[in-house]
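Student: Based on the sequences and whatever the hints tell you, model everything.
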Amino acid sequence: SQKIEQNSEALNIQEGKTATLTCNYTNYSPAYLQWYRQDPGRGPVFLLLIRENEKEKRKERLKVTFDTTLKQSLFHITASQPADSATYLCALEGSSYKLIFGSGTRLLVRP
Amino acid sequence: NAGVTQTPKFQVLKTGQSMTLQCAQDMNHEYMSWYRQDPGMGLRLIHYSVGAGITDQGEVPNGYNVSRSTTEDFPLRLLSAAPSQTSVYFCASQRAGGLGELFFGEGSRLTVL
Numbered sequence: 001s002q003k004i005e006q007n008s009e010a011l012n013i014q015e016g017k018t019a020t021l022t023c024n025y026t027n028y029s030p031a032y033l034q035w036y037r038q039d040p041g042r043g044p045v046f047l048l049l050i051r052e053n054e055k056e057k058r059k060e061r062l063k064v065t066f067d068t069t070l071k072q073s074l075f076h077i078t079a080s081q082p083a084d085s086a087t088y089l090c091a092l093e094g095s096s097y098k099l100i101f102g103s104g105t106r107l108l109v110r111p
Numbered sequence: 001n002a003g004v005t006q007t008p009k010f011q012v013l014k015t016g017q018s019m020t021l022q023c024a025q026d027m028n029h030e031y032m033s034w035y036r037q038d039p040g041m042g043l044r045l046i047h048y049s050v051g052a053g054i055t056d057q058g059e060v061p062n063g064y065n066v067s068r069s070t071t072e073d074f075p076l077r078l079l080s081a082a083p084s085q086t087s088v089y090f091c092a093s094q095r096a097g098g099l100g101e102l103f104f105g106e107g108s109r110l111t112v113l
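Going down the list, the protein sequences come from chains A and B.
Using the working numbering, the letters of the first sequence map in sequence onto residues 1 to 111.
Using the working numbering, the letters of the second sequence map in sequence onto residues 1 to 113.
None of these hints come from the bench; they were simulated from the model.
Glycine included, C-beta positions come from ideal geometry on N, C-alpha and C.
A few chain A residues that face chain B, going by a derived Cβ cut-off under 10 Å, partial list only:
{"#": "1", "residue": "98"}
{"#": "2", "residue": "99"}
{"#": "3", "residue": "102"}
Tutor: This is the structure we're talking about:
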């Protein structure tokens, strides 16, 4: 069956360090993958989209990689700040018009 | 620019009651969808629409009904509420073509007693 896996345990890091979050998937061949940020009590907010033919995408302190052979995406936040503390969701195209989400990983950045 | 607006933000129902969660977007997006979010299970797609008059089922459609009479509005109806439908519901919209970011509303927290 199709599955998207994100680490359910919170990632706890020191301010200034690089946070790396993982998204693994099985039995999908997505044309693209997206990352969202969700704060408590709020709706998810789009961060980055990466297509299957792109290995890496950057936006300010954010970097996303997409390895279709490993079926994995890595999401990096460099020089992390306490304001980066949130839950990060990966999402990929399941089939036409259906974006399927992982359960998210909570990031805690300690001052 | 309001984006995606959901109402109500909170609702408590008794088992068997019906209600409608409202969703409106002012971005002229063709694609709209409803997700539910439960602890540890992520966002699960309930129903979606690729344009006015067109709707289709997502991953967990049972117990829910939708219609899309206008581009702007995409209401979600609970026909006979059950405790298993206690959840946070998110409406989202997307530009035409099914590619690109989803714009989410702030969510509607529903409790069914």
